[in-house]
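Undergrad: Chain by chain, the residues run as shown.
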Amino acid sequence: MFELKFNQDLCYHCNTQACLTKCKFMDIDNATAKNEILKIVRGEDSFVLHECVTCYACEEYCPYGNHPFYLIVERQEALGITPQPLPLVKRAINISIPFRGEPEINEINGPVINLGAFSQLKNKIQGKLFDGLSIISSDERKMFHYFCQLMYLHYGKISLIKERLPNVISTITKHKPAEVICFHDECYGAYTSFCNAYGISVPFRPVHLFEYLFSRLIKLRDLIKPINIKVAYQRPCSSRLCPDKHLYVNRIFELIGAVLVKRQFSDENALCCGLTIQGQKKEGSRKRALEIQRKNIEDIEMAGAEVCVFNCPACFDTLSIKLKERNIIPTFMSDLCRISIGEISFNDIKMSG
Amino acid sequence: MDSIYNALCDIVGKEYCSNLPEEIYIYSYDLGTAEPKKPDYVVSPRTVEEIQKIVLLARDKNIPLVPLGGGLSLAGLAIPQKGGIVIDLKRMDSIIEVNERARYAVIECGVSQGQLISYLKKHHPNLTHSEPGAPPAATVAGNIIIHGQGDLAHPYGFSSDMVLGLEVVLPSGDIIRIGSCALGSGWFTIHPLPDIGLFLGWCRTTGIITKLSIKLFPAKKIRGTGTFVVEDEELIPEIIYKITHTQIPEDIIVYSRAIPPFAKGLHHITVNLAADSEKELEFKQELIWDDTLGEYIKNDLGGYLGFTKELERPQISKTSDYKKGGGFEYVGGIMPIDTYPQCYIRGREISEKHDIPYTVTARIIGLAHSMMFAWTYAFNRADEETIKKAREALYETDELVIELGGVIWKPGIYGQRLVMDRLHPGTKNLMKKIKTIIDPLGIMNPGNWELL
Chain V
6 MFELKFNQDL
16 CYHCNTQACL
26 TKCKFMDIDN
36 ATAKNEILKI
46 VRGEDSFVLH
56 ECVTCYACEE
66 YCPYGNHPFY
76 LIVERQEALG
86 ITPQPLPLVK
96 RAINISIPFR
106 GEPEINEING
116 PVINLGAFSQ
126 LKNKIQGKLF
136 DGLSIISSDE
146 RKMFHYFCQL
156 MYLHYGKISL
166 IKERLPNVIS
176 TITKHKPAEV
186 ICFHDECYGA
196 YTSFCNAYGI
206 SVPFRPVHLF
216 EYLFSRLIKL
226 RDLIKPINIK
236 VAYQRPCSSR
246 LCPDKHLYVN
256 RIFELIGAVL
266 VKRQFSDENA
276 LCCGLTIQGQ
286 KKEGSRKRAL
296 EIQRKNIEDI
306 EMAGAEVCVF
316 NCPACFDTLS
326 IKLKERNIIP
336 TFMSDLCRIS
346 IGEISFNDIK
356 MSG
Chain S
23 MDSIYNALCD
33 IVGKEYCSNL
43 PEEIYIYSYD
53 LGTAEPKKPD
63 YVVSPRTVEE
73 IQKIVLLARD
83 KNIPLVPLGG
93 GLSLAGLAIP
103 QKGGIVIDLK
113 RMDSIIEVNE
123 RARYAVIECG
133 VSQGQLISYL
143 KKHHPNLTHS
153 EPGAPPAATV
163 AGNIIIHGQG
173 DLAHPYGFSS
183 DMVLGLEVVL
193 PSGDIIRIGS
203 CALGSGWFTI
213 HPLPDIGLFL
223 GWCRTTGIIT
233 KLSIKLFPAK
243 KIRGTGTFVV
253 EDEELIPEII
263 YKITHTQIPE
273 DIIVYSRAIP
283 PFAKGLHHIT
293 VNLAADSEKE
303 LEFKQELIWD
313 DTLGEYIKND
323 LGGYLGFTKE
333 LERPQISKTS
343 DYKKGGGFEY
353 VGGIMPIDTY
363 PQCYIRGREI
373 SEKHDIPYTV
383 TARIIGLAHS
393 MMFAWTYAFN
403 RADEETIKKA
413 REALYETDEL
423 VIELGGVIWK
433 PGIYGQRLVM
443 DRLHPGTKNL
453 MKKIKTIIDP
463 LGIMNPGNWE
473 LL
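Those protein sequence lines, which keep their order, are chains V and S. Start counting the first sequence at 6; every next residue gets the next number (my numbering). Start counting the second sequence at 23; every next residue gets the next number (my numbering).
It should be emphasised that the hints constitute simulated quantities derived from the structure, not laboratory data. Glycine is no exception: its CB is placed at the ideal position from the N, C-alpha and C atoms. There's no promise every hint is true.
[To be verified] Dumping the calculated DSS-like pairs for lysine-lysine here, alpha-carbon to alpha-carbon at most 27 Å: (1) V:K267 - V:K181; (2) V:K355 - S:K144; (3) S:K375 - V:K329; (4) V:K147 - V:K129; (5) V:K329 - S:K242; (6) V:K355 - S:K242; (7) S:K320 - V:K29; (8) S:K375 - V:K95.
[To be verified] Residues from chain V shown here face chain S by an in silico Cβ test under 8 Å; the list is partial: (9) I86; (10) Q89; (11) L93; (12) K95; (13) I113.
The following block holds chain V by itself, in its conformation from the complex:
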């Protein structure tokens, strides 16, 4: 089994304890943080293992890239501390079991875009921005063969990721892709951050969707008409696994002339959408999730956004109805980019829901 590359000396000598002191969901001072993280390092129980809402953010906060979140999930699993109640854990484990036969493997020998477990979102990768790209995982019946499995970080089941992810990588590799553009940054985080942390070999080059969109927009620059509209960005938890790609949000917005509104909960200070929190075992989790959603929505509204852009389909599903109720249009980054090159309009997005 793959082992986490974790350097405990970095934690012993760390003076920031940023992994816990910056946590948006726990109020922890430096001394407590030091004590608790060292307990976790030693494999002892800590209240952090019980209180953690699994927002991934400490992966970004750690100044040394020492993977505190992966360590927390390792320890949760070892000590039998599941953030979600057991029936939801069982459901989650079952959800990604492929049951419609094997995928059809065609050798592509070129760039591909991988929809992962979001085959139903094929309509989000249309038009000139995606010309020349082959799609893998376009069949909803077979999509779990391409599912990166990282979701199990929310369920205290890191062993499942280690067990299943190599098979997924093997399936993708059989397509002989030159590079794999990851539709969701959770997949990108799996093939970069997680695989690096566990020494899992990835024989293809993963590309973050935003980086890809930026490079395509540069090539299509002549078609761009500035959008000139105020847009908010809802950062997902999986973005914490690849913070170096987060800067492409700004770059894309600048290129397409969209005005990125200033939010209280943005960048490092972002709040998750609350989806994974609502079902957690800890008392009051449902209300806590609603409160987080309220904060996000009010923040987006107060920032003056007319549109809110998502990368994560789960965040989109969680917040889009509430946004629409406030006349803010929810959309995906790819669709926002398509608007800028005149392929679709805001009205199309409104109409399509």
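We have chain V; now place chain S onto it with these hints.
TA: Relative to the frame of chain V, chain S by itself:
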């Protein structure tokens, strides 16, 4: 020339009458596993008077009559077991009246679920009916006649509990009315006149319901579905008891199925909630998920999966995708809630025995006075072997319903016989007498509920 055909053409017009093989073939089967039987004629009347004339013709010539609504019962209830005339009622599709203040609708018997939903949405957005989740082409009357249940079954019971008046053409050709409409004073109540419960649950063997008045209910601005997941089937009766004690949900459904894998071995309890404001919705959510079910979450026994502001209809038809050929049929049992664990375990066993992925669904009726528990079996329409397996599974399940102390809902002929064999002798005798008086020639949907 065929004199019956000519007489039927005289009644409804040539374009609404047929004895062509390619057209009567369509009326020879339904979507379940029942053996097809061809009618001799198909006729589609537009008025009560036309129906009356068809009935008189059938009576005079002693020809079987099989009324047909949407034809979607799956149990073969409108298959002409003894040939004769199929009366396709889909042209009887007028929505005659919607009384907003008294919350009822008077409709003809061919009005479809989709038609009524769309009409109410457009013209009476504050009103809704108990919608069964059947295909939109299913008729409202058909669901009521078979004692169906809809998405307001939890607070208000069976769809047939929501009837406020009926107009019926008897096998004699007489037209009768039941309820306040019999006094000419509107269609607002079926009580307090002497009870004439002769037409619901009789599978159209006692007459043809042509008009009906049904209760409508407040359509709240927000309607949505929340889901709670449990692994231990033994907990379901207790959880349902607690949820129904709140008297808050509009609809409660429990399902478990082998495919897709997330549902295997787990019980998803979907709870529909309705509210006119976010404040009201949150009040209801708090009572259900936090106050009532919080202890199960805390003890690792159940999990809250979330709430979406859309109504999720039961979609057991998806089962038909499991095997090639798109076929499925189910046995519905009206069961005591306490039997849920046995219904689930034994249903899985029957499915596994016949190599069919299991699918079970339960809808709670009338504050948990009972549930409609459905065991669904998929088959390939082009593969006689899988049809045979499904049929055997269905028969075994009919027997299971009886064994567990339930009542088979809309039974096919096999299930009807099981019920009749066990019916209280006094009840059976009275039913025979009623049938003899009302349909002495036995022309109404013969083959079904044959007591004589």
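Undergrad: Tell me the numbers of any earlier hints that the structure contravenes, in ascending order.
TA: 1, 3, 9 and 13
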